[in-house]
Amino acid sequence: MSEWELIKSHWKDNWKQNEHSLHKKQRLHRKNGKSINHIDIIGKKQDTTTNGDRSELTYQLYMKLFIKDQDNFYHEELVEQRIATIESDKLIADKEILFQTVLKPEKIEVDQNPVRFAYDRRAAVQYAERWWNDANPAYRVFEDNDCTNYISQCLRAGGAPMHGASNRSKGWWYQNNNWSYSWSVANALRWYLSGATSGLKGTEISDPENLLPGDVICYDFQGDGRWDHNTIVVAKDSQNMPLVNAHTNNSRHRYWAYEDSAAWTPDCNYRFFRIGEEDRAKD
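Under full-length UniProt numbering, residues 1 to 283 are what the sequence shown spells out, in order.
Read the hints as simulated data drawn from the structure, not as lab findings.
Take these hints with a grain of salt, some might be off.
Distance ranges between label pairs, derived from CB positions [claimed, not checked]:
1) ARG30 to GLU129: 25 to 31 Å
2) LYS12 to THR58: 15 to 21 Å
3) LYS45 to THR197: 47 to 53 Å
4) SER238 to VAL141: 18 to 24 Å
5) GLN70 to SER166: 49 to 55 Å
6) GLN46 to ASP71: 36 to 42 Å
7) TRP4 to GLN175: 38 to 44 Å
8) GLY159 to GLY225: 29 to 35 Å
9) ARG27 to SER238: 17 to 23 Å
10) LEU98 to SER206: 27 to 33 Å
Ideal Cβ positions, reconstructed from N, Cα and C, are used throughout, including at glycine.
Work the whole structure out from these sequences, hints included.
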């Protein structure tokens with residue numbers, strides 16, 4: 001049996017017996033009164049390295065879940081990068097690849113440009129849906145950590161004004177294959193949104209159910225003060241909770257809390273941001 005056939009056999013016959021993010025996802029949906037009625041799984045081989053009788057094969061796993069949410073149904077989609085270790089024709093390990101987060105820059109200067117804009121939430125969400133598992137060639141792709149770059153593109157599609165070029169520590173901008181820290185670094189965008197007083201800014205709210213499609217959630221998975229990840233709200237479920245899209249581990253219509261993620265810990269902190277000048281948050 002080939003290496004790839006071993007992996008396919010593992011997923012076909014054995015995955016239910018081993019701990020996997022899908023099991024966490026099943027528990028998360030069950031806790032929220034939902035159920036997974038059907039799962040489609042497709043694997044795509046990417047690269048193989050061999051040393052003697054030991055091989056490591058990297059591959060991409062695409063999963064599409066059909067979710068029953070009370071009287072409604074929706075699809076959740078996600079992509080995992082995984083690595084399998086095969087020795088003497090036996091699969092001895094298979095795990096998700098966790099990408100390193102980008103370290104926070106020393107200082108971010110927020111945008112004090114007195115530009116007002118009407119945030120087009122529909123356009124931001126349409127962009128998020130179009131590019132959730134693809135890369136817009138107009139922008140650079142950050143292979144190991146693309147989450148904030150993707151969120152910035154969505155915000156820009158919604159009409160958010162850029163300002164500060166070409167100082168990477170100032171403002172929020174992308175220009176001529178160069179960009180600000182706040183455009184591409186999760187920690188920088190989090191502090192930029194809370195610090196800006198005009199242009200692109202975020203009004204912090206306390207409850208996720210008050211978020212609207214087009215708003216942003218920031219995640220500090222370890223609870224250590226370093227913000228690791230950002231998502232954009234694209235829909236709401238039957239309990240008015242956000243469903244989000246994201247890059248790095250690409251996902252669509254994922255439940256906002258991320259408790260099914262390998263990066264999540266019980267110490268995780270969240271920040272919920274209402275985007276735009278209009279619709280000031282009311283808790």
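Now the hints, each set against the structure:
1. ARG30 to GLU129: 25 to 31 Å: holds (26 Å)
2. LYS12 to THR58: 15 to 21 Å: holds (20 Å)
3. LYS45 to THR197: 47 to 53 Å: Because 50 Å falls inside the window, the suggested range holds.
4. SER238 to VAL141: 18 to 24 Å: For SER238 and VAL141 the Cβ distance comes to about 35 Å; the hint is violated.
5. GLN70 to SER166: 49 to 55 Å: The hinted range 49 to 55 Å holds for GLN70 and SER166, with Cβ atoms some 50 Å apart.
6. GLN46 to ASP71: 36 to 42 Å: 40 Å Cβ-Cβ, so the 36 to 42 Å window holds.
7. TRP4 to GLN175: 38 to 44 Å: Given about 42 Å between the Cβ atoms, the range holds.
8. GLY159 to GLY225: 29 to 35 Å: holds (31 Å)
9. ARG27 to SER238: 17 to 23 Å: holds (18 Å)
10. LEU98 to SER206: 27 to 33 Å: holds (29 Å)
Violated hints amount to a single one, hint 4; each of the other numbered hints is respected by the structure.
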